[in-house]
Amino acid sequence: MPKTNFDLNFDGFLDLAADLDNLGNGYLKKAVDNAFTASKDYVNGAVDAAMESSFYNFKRGQGYSRGKAGTSLAVVRAMPVEWNGSVASAYIGVRLRDALEVTFLIYGTPHLAADVNLRNAIKVKGKYKKEVSKIQLEEFTKVIKEALNNG
579 MPKTNFDLNF DGFLDLAADL DNLGNGYLKK AVDNAFTASK DYVNGAVDAA MESSFYNFKR
639 GQGYSRGKAG TSLAVVRAMP VEWNGSVASA YIGVRLRDAL EVTFLIYGTP HLAADVNLRN
699 AIKVKGKYKK EVSKIQLEEF TKVIKEALNN G
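This note's numbering puts the first residue of the sequence shown at 579, with every later residue one more than the last.
Source of the hints: derived by calculation from the structure; they are not laboratory data. Mixed in with the good hints there might be a few duds.
[As the list claims (entries may be wrong)] Below 20 Å or equal to it, Euclidean Cα-Cα: the simulated EDC-like pairs (lysine to aspartate or glutamate) are:
hint, residue 1, residue 2
1, K723, D611
2, K703, E630
3, K708, D589
4, K607, D589
5, K703, D619
6, K705, D589
7, K705, D619
8, K646, E630
Using the sequences and the accompanying hints, generate a full structural model.
Right under this line is the structure:
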């Protein structure tokens, strides 16, 4: 399965979540769904860009690649945000069982250095984590404004 490497964690999250929950009408679920969808889209785009700029050529039929990583990313990108009770999950990256070359690039091998940019994109670290926090805060703010305008 692909990874779910981000969560809702930005400054003031608990306060915003409490405010949205008090407004009712499912605004909290909508905010979480929008935040996860926007975050997932950003991270998958970053993974795609990291794969394109990688020294390993991920295009089908070039080098050693058979295009499985790109195909796997497209499948994961199409997955919706899943809800299991009150817990939401959004999948990012690639299915590692379908694209083992990504695993080798993320962690490196004795003869190949790790691709740090690809690893940070898939694991949502560094600049990607900061951007995801901004995106989530923006999505929560949009839903709060919508709730206040409707209510």
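Legend entry - Straight-line alpha-carbon gap K703 to E630, limit 20 Å: Measuring from Cα to Cα gives roughly 19 Å; hence the hint holds.
Inset, instruction - Measure nothing beyond the straight line between the CA atoms of K708 and D589; if it is 20 Å or shorter, mark the hint as holding. - result: holds, 11 Å
Inset, instruction - Measure nothing beyond the straight line between the CA atoms of K705 and D589; if it is 20 Å or shorter, mark the hint as holding. - result: holds, 16 Å
Legend entry - Pair hint outcome, K703 versus D619 [Cα-Cα no greater than 20 Å]: Within the cut-off at roughly 16 Å; holds.
Legend entry - Hint consistency between K723 and D611 [alpha-carbon to alpha-carbon, up to 20 Å]: Distance of about 16 Å is within 20 Å: holds.
Legend entry - K646 paired with E630 [C-alpha distance capped at 20 Å]: Given that 20 Å is the threshold and the Cα spacing comes to 14 Å, the pair holds.
Inset, instruction - Sort out whether D589 lies within 20 Å of K607, counting only the CA atoms. - result: holds, 19 Å
Legend entry - Satisfaction of hint between D619 and K705, Cα-Cα up to 20 Å: holds, 16 Å
When each numbered hint is compared with the structure, no violation occurs for any of them.
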